[in-house]
Structures are given as structure tokens and as C-alpha cells.
Amino acid sequence: MSEPVLEVRGLTFTYSDGTRALSGVDLAVGPGERLAIIGQNGSGKSTLVRHFNGLLRATDGQVDVAGQPVGRRHVAELARTVGISFQNPDRQIFAGSVRAEVGFGPRNLGLRGKELDTAVRSALEMVGLADELETNPYDLGYSRRKLLSIASVLAMGTAVVVLDEPTTGQDARGVATIEAIVARLHAEGRTVIAISHDLRFVAEAFERVVVMRQGRVILDGPPDQVFAEESWPALRSTNLEPPYAARFGARLGLGSTATEASVVAALAGRRDRG
Amino acid sequence: MSLELHDVSYRYAGAAEPSLRRVTLRLERGEVLGVVGPNGAGKSTLGLVAVGLAPATIGGRLGGRVSIDGMVTSGKHQHELAVRAGILFQQPEAQLSGSAPTVWEEVAFGPRNLGLPLDDVIARAWTAIDDLAIGHLVERDPGRLSGGQAQLVALASVLALRPAYLILDEPTSQLDPEGATLVGAAIQRAAERTGAGVLLVEHRTDLIERLCHRAALLVEGALRIVGPATEVLAESDLDEAGVGPPSAVRLRRAIEGAGIAWRAEWRA
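Here the protein sequences line up with chains W and Y, keeping their order. Note that the working numbering has the first sequence beginning at 1, numbered continuously upward. Note that the working numbering has the second sequence beginning at 1, numbered continuously upward.
It is possible that part of the hints are untrue.
So the derived label-pair ranges between C-beta atoms look like this [stated by the list, open to error]:
(1) Gly18/W <-> Met1/Y: 48 to 58 angstroms
(2) Gly255/W <-> Glu256/Y: 15 to 25 angstroms
(3) Arg65/Y <-> Ala180/W: 40 to 50 angstroms
(4) Arg9/W <-> Gln78/Y: 56 to 66 angstroms
To be clear, the hints were calculated from the coordinates, so they are not data collected in a lab. Nothing here was measured: the structure is a model prediction, and the numbers come from that model. Ideal Cβ positions, reconstructed from N, Cα and C, are used throughout, including at glycine.
Produce the entire structure from the sequences given, and follow the hints as far as they go.
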């Protein structure tokens with residue numbers, strides 16, 4: 001892997017009420033990587049990503065962003081590198097129009113005029129809301145407010161984009177839109193990190209999966225490895241059920257097949273061998 | 001005994017177009033009926049109309065007839081309807097009373113308003129709390145819960161009413177897999193043990209496939225297909241409507257799409 005864009009070493013975090021949310025997390029993420037973080041509620045996923053842009057500061061251990069410790073950097077400066085779209089769009093949305101909402105971030109980064117307009121429009125095109133520039137965000141339904149909150153982060157043009165539960169409340173078209181965003185960010189060399197409970201989405205759209213349990217990383221690897229039969233006891237220890245394609249492949253003795261494409265490839269190989 | 005929508009159309013106050021168009025649907029006691037459809041198809045509206053909140057509370061114009069166990073809902077008071085049909089809204093914040101200082105009182109709020117003896121109120125509240133494994137939250141302020149916790153508390157408060165019909169609008173949208181499993185089990189218990197009819201509005205077709213006897217596809221306010229869940233979920237109309245089929249159906253299509261013949265023994 002080239003120089004990591006994010007590097008976490010021995011990260012421990014304890015909330016002020018004494019709850020320990022992270023216990024010695026090590027993680028290095030390269031430029032352009034597509035990483036999904038999965039685990040039960042309360043396993044530390046959201047706490048972990050909040051360290052990437054300085055919203056939370058480590059109780060112990062170190063977090064480096066673009067080669068520099070976050071401890072010495074200001075939140076506003078980190079925001080140029082790491083953008084986070086939160087789980088609940090209503091805790092993020094505040095402006096009176098879609099245009100103003102999406103323009104807020106890039107404007108704070110100093111964009112004006114045509115540059116600002118282009119950033120806003122291109123982000124809204126990616127989420128399919130280009131026709132809603134003057135709409136009040138609260139006239140949009142929940143699933144479209146969620147897409148709007150994602151557009152606000154995309155418009156910042158950050159090297160790292162973090163999406164917390166992006167597919168919640170989305171229908172099949174919404175999920176396909178988000179899969180396309182992940183693919184496009186990857187093609188542009190930007191890093192995408194998503195927290196998700198939707199394991200099919202995770203297996204199909206990401207090249208690396210990190211599984212968390214009680215503040216620790218218990219599995220870390222490509223989907224075919226993390227969802228392979230050997231990992232099922234670890235997954236099930238934290239109430240995660242492997243995606244259907246993985247269970248199907250195991251039942252037919254196809255080896256590890258986390259995605260639909262890998263099931264098809266394994267079946268085709270078996271047929272060609274006779 | 002059933003909840004029936006007969007030729008029902010509904011238009012929100014001030015809306016140019018109806019949100020439901022001539023929907024005829026029957027939900028039996030003890031049945032779990034899944035409703036799928038793209039965002040904006042009218043699924044949530046169907047739930048509001050089925051329990052009588054639309055038009056009684058939010059206005060709008062209703063055509064056709066909604067009846068619960070033979071009682072036509074039109075013109076009835078909300079308290080007469082609430083004991084018969086309960087609804088879980090998509091957003092739990094919209095559900096919580098806002099007046100209960102603790103989760104326990106939030107869940108007990110409904111049964112207490114039914115005028116039940118105190119022992120019954122307590123028993124119903126605890127049964128719902130235990131079913132959804134939220135006993136550790138009972139002392140908490142309902143306004144300070146995570147999205148997933150609030151969704152479980154809101155569902156518990158509806159289950160505690162023990163209505164004959166339950167309308168659940170995306171009850172697992174904010175839950176992790178463990179929470180979704182608990183909700184699935186609670187839905188099955190409500191249908192099997194207490195004989196409730198459950199209308200489940202849900203994007204996750206894997207969940208519909210697992211829990212529902214029948215399924216209905218709603219598109220642009222109209223019912224497109226109603227039938228046995230496994231059959232409806234395998235219809236190609238679903239994809240065209242923007243509804244993702246269950247994982248098993250998707251995988252089979254990917255296999256057949258690659259020119260590999262499907263074998264019956266591959267079915268789970």
C-alpha cells in the first residue's frame with residue numbers, strides 16, 4: 001500500500017461518562033481505498049470515524065491524517081481532507097434551500113462564483129438532486145434528505161469521504177445511486193469509508209471490510225475473506241449473518257463467494273471443468 | 001375478521017394528485033402482509049389511511065371505504081380506532097408522546113390511556129419491553145435515545161396496546177442486525193400468539209420474504225400485484241418499479257444471466 005491517508009495506532013477512547021468505546025484500534029487506510037466498517041450498534045464504528053476529522057480526540061494512541069497527527073491540527077483544516085456524512089440527515093441539514101445547504105461547505109473552503117456553483121451542481125448530480133436547487137430541504141422526503149446530506153459532503157471535494165449508514169431508508173434506486181458514488185470516488189482516487197448494516201451492499205461495493213466488536217477490530221480483509229466460512233463464528237459472535245451469496249457458495253462447496261459475481265465465476269469454473 | 005380497504009383513494013389536503021388510487025386490500029387476523037414499492041409510491045399513506053389517521057386527524061379527501069372488523073372507520077373517534085389498529089411511524093421521534101419522563105412510562109402510556117387495571121398496564125408494558133430486549137433502557141429519557149433505541153421503544157409502545165391490527169412503517173430502518181432480528185420475532189409473535197394482522201411496509205425484501213405470508217407491490221398509489229410473498233418478490237415488475245428483489249432472487253438472476261442453468265437443488 002502507498003503512504004496511508006489515514007493511520008490509527010493503539011486508539012483508545014473513553015467518553016466522559018466512563019464508557020470505553022474504543023480499546024486499542026489499529027487501522028491504516030490507503031488513498032483510493034473502499035473500506036466498509038460493520039458491527040453492532042455500540043461497537044465503536046461511529047466513535048472511530050469521528051476521530052478522523054478531529055470531532056473526537058483520542059484518550060490514548062495516535063491518529064494521523066495525510067501523514068500528520070490530528071492532535072496538532074485544527075478541525076477546520078482537517079475538514080479539507082476528511083468529510084463525514086452523519087447517520088441522521090436532520091442533525092446535519094440547516095439551510096433554507098438545497099443550493100445553500102450543499103454550498104455551505106465549499107464556501108467555507110473559500111470557493112466562490114463559478115467554482116462554487118460547479119462544486120454544488122456536480123455533487124447534486126451525483127446524488128440525483130440536480131433539479132431541486134431551490135427546494136427547501138424539509139420539503140424533501142427522508143431518503144432524499146439523506147442523499148442531500150451526502151451531497152453536502154461530496155461538494156467539499158475531500159480526499160477522504162466517510163458515509164455513516166448511507167443506504168438507510170433508500171429504495172433500490174437509492175442504493176444503486178450510492179453504489180455508483182462509491183465507484184466514482186474510487187475512480188477519482190478518493191478514499192471512501194462507509195459504516196453499514198447492509199452486508200450485501202458492503203460485499204458488492206467495497207474491497208475491504210473491517211468488523212468491530214466492543215471497541216476492537218476483530219476481522220479486517222477483503223469481502224471474500226471476511227465473509228468466508230472460517231470467519232462465520234467470529235461474525236456470529238457479534239450477531240452478524242454473512243451475505244446470502246457467501247452462504248450460498250458455502251452450501252454448494254464453491255469456496256468463499258461474498259459477492260454475486262464470485263458465485264457466478266465459481267459456478268462457471270465448475271461447469272467448464274465438466 | 002379483517003381490516004379492509006375497499007376501492008380506496010386518498011388525496012392529501014392541498015395536493016394536486018391523489019396519493020392512493022382505488023386500492024382494494026384485505027388484511028386478515030394472524031396474517032403478516034408485506035407492502036413494497038419505491039419511495040413516494042404511497043406506502044406510508046396506505047398505513048395512515050388503514051388506521052384511520054388519514055383523513056380523521058390530518059385532513060385530506062378519502063374515497064371508498066375502510067373498515068376494521070366490519071366497523072367503517074369514517075366518522076369514528078380516534079380512541080375507538082386506536083384499540084383496533086395501531087401504527088408505528090417511520091420516524092420514531094414522531095411517535096413518542098413527548099410527555100413521558102422515562103422509557104417505562106412511554107411504553108405504559110398507551111395501555112394506561114385504555115383505562116386498563118394497573119396490573120394489566122404493568123404486565124403489558126413489561127411484556128413489550130422484554131420482547132424487544134429494552135429492559136436496560138426503562139429509566140432513560142425517551143428524548144435522549146439513539147435512533148435505533150428510539151425505534152424499539154416506539155414499537156414497544158405500540159405492541160403494548162395489543163391492537164388487533166398492526167401497521168408497521170419500516171420498523172427496522174434504524175436497527176442493527178440484532179435489533180432487526182428482535183423485531184422480526186416480535187412481529188411473528190404478534191401474528192401467531194395474539195392473532196394480530198400485521199401490515200409491514202419495508203424496503204428490505206429479505207425481511208418481507210422471511211416474515212410475510214403475502215406481499216403487495218404499490219406503485220404511484222395503485223396496487224400492482226398482491227399474492228403469496230415468494231411469488232410477488234420474484235416478479236420482474238419489482239425491479240421495474242425500483243424495488244430490489246430479495247438476495248436469493250437477485251443471485252438466481254445473476255446466475256441465469258451468465259448463461260448457467262439453475263438447478264432445483266440449489267434452492268435453500
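Falls inside 48 to 58 angstroms, the C-beta gap from Gly18/W to Met1/Y? 52 angstroms, holds
Outcome for the supplied range 40 to 50 angstroms, where the beta carbon pair is Arg65/Y and Ala180/W: 44 angstroms, holds
Can you tell me whether the CB distance of Gly255/W to Glu256/Y sits inside 15 to 25 angstroms? 21 angstroms, holds
Using the beta carbons of Arg9/W and Gln78/Y, state whether their distance is inside 56 to 66 angstroms or not. Because 58 angstroms falls inside the window, the suggested range holds.
Hint compliance for this structure: every hint is met.
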